[in-house]
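2 protein chains.
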Amino acid sequence: MLQQTSSVNAFPKKKNEYQRTIRLDTCIAQKVLYVVGTTLKTNLGRCAPPNSTFFSVKCTPSVKYDIIPPPKESSHLSPITLNEKSVLLISMSGASQYENDSKLSVRYYSQDKDILGNAILHLTALEISLDVDADRDGVVEKNNPNKGSWKWGPDGHGAILLVNCDSERSYFQKPDNEVDYISKLSDLKDMSVMVLRTRGPARLPDGYKLTMHICQGHADGVRVYRPKPRYTSNSISGVANEFAQVLCSNVLSREVPYLGGAAEMNFYVEGLKFPDKDFDGLISISLSLLEPICTGLPETPIFTDTVMFRVAPWIMTPNTLRPVEVFVCSTSDNYSFLKGMRSLVANSGYKLNICHEYMNRGDRWMQDELEFGYIDAPHHRFPVVLDSPRDGKLLDFPYKELLGPDFGYVTRVALRKDVSSLDSFGNLEVSPPVTVNGKKYPLGRIIIGVAFPTTTKGRNMTQVVQDFLWAQKVQQPIALFSDWLLVGHVDEFMTFVPAPDRKGFRLLLASPDAGYKLFRGLKNNGHGQARLFEGRRDQEPITVDDILEDAGFQAENNYVQSCIDWNRDVLKRELGLDDSDIIDLPILFKLQQDEDNEYRAVAFYPDMVNLIVLGKNLGIPKPFGPKVNGRCALEEEMSSLMEDLGLSCTFIDDFASYHRLLGEVHCGSNVRREPFDFKWWNLDM
Amino acid sequence: MLQQTSSVNAFPKKKNEYQRTIRLDTCIAQKVLYVVGTTLKTNLGRCAPPNSTFFSVKCTPSVKYDIIPPPKESSHLSPITLNEKSVLLISMSGASQYENDSKLSVRYYSQDKDILGNAILHLTALEISLDVDADRDGVVEKNNPNKGSWKWGPDGHGAILLVNCDSERSYFQKPDNEVDYISKLSDLKDMSVMVLRTRGPARLPDGYKLTMHICQGHADGVRVYRPKPRYTSNSISGVANEFAQVLCSNVLSREVPYLGGAAEMNFYVEGLKFPDKDFDGLISISLSLLEPICTGLPETPIFTDTVMFRVAPWIMTPNTLRPVEVFVCSTSDNYSFLKGMRSLVANSGYKLNICHEYMNRGDRWMQDELEFGYIDAPHHRFPVVLDSPRDGKLLDFPYKELLGPDFGYVTRVALRKDVSSLDSFGNLEVSPPVTVNGKKYPLGRIIIGVAFPTTTKGRNMTQVVQDFLWAQKVQQPIALFSDWLLVGHVDEFMTFVPAPDRKGFRLLLASPDAGYKLFRGLKNNGHGQARLFEGRRDQEPITVDDILEDAGFQAENNYVQSCIDWNRDVLKRELGLDDSDIIDLPILFKLQQDEDNEYRAVAFYPDMVNLIVLGKNLGIPKPFGPKVNGRCALEEEMSSLMEDLGLSCTFIDDFASYHRLLGEVHCGSNVRREPFDFKWWNLDM
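Sequence lines, in order, name chains U and V.
If you read the first sequence in numbering that gives the first Met the number 0, its first letter stands for residue 0, the second for the next number, and so on.
If you read the second sequence in numbering that gives the first Met the number 0, its first letter stands for residue 0, the second for the next number, and so on.
Here chain U stands alone, though its shape is the one from the complex (with noise of 0.2 Å):
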């Protein structure tokens, strides 16, 4: 990962670090404004008078000093021995409650001890603190060592911010990091409380003051606020117009009033972008003292304090998560797939959101046009939904009916001509938390669909959503080999679902091999002549024998199971799973041409890895099965391996709306569920 750019790492990590060189002069006295923790520095012999031999050292209370190397002398009451390299080091321990109320003198002396020079120090010292929430408390913390850089970890360190990509308007909707003012004070619980602490005289010495800064490579990442001067944090009266911005991409530096006295001051942090390509999340944010020259000059910054941010990044739900919210899309000709989600829904207890005609225009693909996440901070977190740059039919859904209060907004623009199938969000799931050869994934691991990277001719998923997907780093992604499939969706071969076992789940993955074992023991026992589509008036049926039959179509089949097998060994290796972690269900696929006169696959009958998890409940396309018994040996089957896992299925008829059109439930459907407990910043990276 890149570094932080210039100006930063000129500040030292810790106060206590910080040094700082002063000038003695036996002219004139000097005025020294010191800050509490850090130590003046100032070397004896620079500025000492021709010909000293020796120096004394005398100061106020409130001051201490050390010489070094330390004088040979036994008592500092008489004068000590001039070295070229003598160097004295002054600190003090608390703030001043008066400008000049310490001193401090050093005398010189000739040989004979007659006084030379005089040096003298008025000193004041402030006591000042840059804060924020550094150890992830929720609670901003007095001026934590580690808040100027950032760990990963458990035992890490470093404050969180979010994209402020909600709206607090549910009308006039723009996510709210796309205005540059503060248009509710609900805004506020967005962003990062960041404090200044300051302690010491009632005003500043003259020509000193207080700035806040950021460098320019962090400059379109971020925006602060503060309450306007007239308003104190304590009497905010709840109008947002009552903020000032501080600093921005067109200001990078901004001066920040001291208040005397012990004050304490909040600033409002916010996020503006996502992690991505040229973006590593890191922020840092700095307040200088800055020392007055003249009149012409630039002053010079006397003490900085950094703290440094890491951006949220956007994080992927499994299926393992519980549901908070199903959306569906209601069309001219869905009234039985709607009827059986809505049943389904009601009986699992999660709401059931349905997207209407005049929103979805007769785009059915719920699965495809969005992917639900969410944003997590100590302070704070709320759902993000990304937005595909698909964009079909349903393209204002997520902008226009999600944005809003505490529902976030983030999608990647790309060239038309980039965009294909492999970009709809059907081709975007995310595994269960995993442990890969001793590497933790608490937060499972992103999986998207590709071509194999071994063709030069073939669809992609766009590399400007893979970039944000691997910049958001906590869920490291795999790509599976998905282009042999016409419409190229991982979620049409694989699904996950909960399991009380083992890893916690089990990986279902679609086999033709599964099926071919399931119609070869039907003919076995005597069914050979069941029909798969029975009474479907949209669809010839077809008997088991004639499926074993077809040569041809067996060995379409033995491809899907090949390219399904491949994608089968780079799932176990890449997310540790064993062959028991894996359920195979009985699928068949045909080919068929595309527009390019390729053959690729589709489902033979509804696709049942093609399904729902809603908890224990799963919805799955019904497959319309050979019947054994009055009963369809697929379900069945299905229904028994779901079992032993202690889930209940409900098949759910989409074969005219959903499945016809080459999708299925999963396609036509869209699940918010419940954040991980797990924290992204305790992650070891």
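Please note that the accuracy of each hint is not assured.
If chains are identical, the list can't say which one is meant, so a pair holds when it fits in one copy or spans any two.
Said to hold, decoys possible - Listed below are the simulated BS3-like cross-link pairs for lysine-lysine, each with C-alpha atoms no more than 27 Å apart in a straight line:
(1) LYS571 / LYS392
(2) LYS276 / LYS141
(3) LYS150 / LYS276
(4) LYS30 / LYS57
(5) LYS589 / LYS678
(6) LYS188 / LYS678
(7) LYS141 / LYS112
(8) LYS150 / LYS472
No lab work stands behind these hints, which were simulated from the structure alone.
Assemble the complex: chain U is given as a structure, and chain V must be docked to it using the hints.
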């Protein structure tokens, strides 16, 4: 840093993790191509005929197999009970001589031990290894288990690529990485050799092929060449057009021939771009064995081997490294400077290169237009000039005069409006090796000058150059404050000289305090009337007394000292220096209004810190200081300080032709130095 993009992680890191699922088929005998070192895995139950209760396995001696879970039967000769989960693992220890020369069969039995079916595998074994110099010894070893990943440090691994930024042709100059063919055979030595080693039957079975591929995200960083088919590596006649491009940004995948028997084929890998903000420097190249399916379907990769390279960073050379050649400009007015430099360089035993007026067009600031560095790999290294976006009249010099065979060129293009005086490379230096709080920087740290981050105004080094410098990683940069100077370069107040003791070097800092101390000493010893600039016709002389009495001038110098002290504190922290590692040089400055009417500092007399280091010889601007007993007091002080380090001072008169134009000896020269002995890949990052 970002992870590699999609496709790469679909392949295992080590060959022995590579397990491939294959299908058994009792209907037709199958031909299987096996890669030595992998394991074939098949589920015995999945394709078993209905009612199978037992099975047995038979194979030729070249084949090894394991049954999991291990059968309870003590001997494999009698039929074994078939478990639904039974898995067969198959491997072979060496390559086949002939196609299908090995065989394995599985026989299925009923409860009564009647034979229900036979699944037969005809096996052909291949050895395939894509090899690179992953152990960094300059030789391509065979199948390094770590070749697919990259790790820093002496116990690290991973191959290295050079950016092929030199030009094999001395005329028609263009860096080779901008030309998409091999212009001369000598170009091959700038590339990394990659060897494809195969062993097996004379030909691959029908329809199988080998393909080499890279992913989209790496494609603009690399090209791969190989000898054209009719040439083998051994018969290269020396003609560059015998090489064909295999991969480049437009060709992400290409078939490569299988030679048969025991064969090696050399490939040549060319790095195209340096690490930068959006490129972490890592590039993977894969080789896959593809299995044919049938016409119209993409072949399936059944084995993939991957190697990973890191592009070598651009590395700067500090003053402590041995010089190779010195560069200066000849102008109509710099005779005395040239004379001094010529004699210094000749006496020091190095080569002097003079850039003549037809090329420099009066631009004498050789330091500012370019920075010398180098790139290094186990197989080759060469110097690389970083061309500044300054683009003064010396603009053409780096490209037209320096770029050539084994002399590389790199630049970063900035918008004209973003380029300031701080983009001149007198503002880009590098420290000798240091250790900071236990962290080692064996290649030193880059040092640049910027404006205080606390001011909204102020000049800066342009972001594209800063991003480039930070992205090289191995000499982690430090940003100093140099905007207080009219010209704004760090070489106006600091440099490094070699030292026989301590850390092997001293940091020299300009110090007005040291200057005043020296002048006050002179006055005190009765030399107050000694005059600076004595005898120069182009500069009014001034006495020591006059200098000491000018309170305004003293105030200006106090300001300058405070600016330098600020940088001193940063340098001490970031380079881990003590005061004893620093020498203060007696140099005074004055403030002068710049074109924006801001006051900024320039050297009052020739700025001795702006010196050139040639081994133990220093070329120092002749300061024209006050003479005491016929000797310049400033030269005497400088010589005395340097003599303690065993360094010899030559004072060069640059007054008229450099100092009065606001530069000195260092600004007017440049030194190309030997590379570090330390290899950058041995850094612990």
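Evaluation of the provided hints:
| no. | hint | in the structure |
| --- | --- | --- |
| 1 | LYS571 / LYS392 | neither (37 Å within a copy, 62 Å between copies) |
| 2 | LYS276 / LYS141 | neither (34 Å within a copy, 34 Å between copies) |
| 3 | LYS150 / LYS276 | both (20 Å within a copy, 21 Å between copies) |
| 4 | LYS30 / LYS57 | within (16 Å within a copy, 95 Å between copies) |
| 5 | LYS589 / LYS678 | neither (43 Å within a copy, 57 Å between copies) |
| 6 | LYS188 / LYS678 | within (19 Å within a copy, 50 Å between copies) |
| 7 | LYS141 / LYS112 | neither (48 Å within a copy, 79 Å between copies) |
| 8 | LYS150 / LYS472 | both (14 Å within a copy, 19 Å between copies) |
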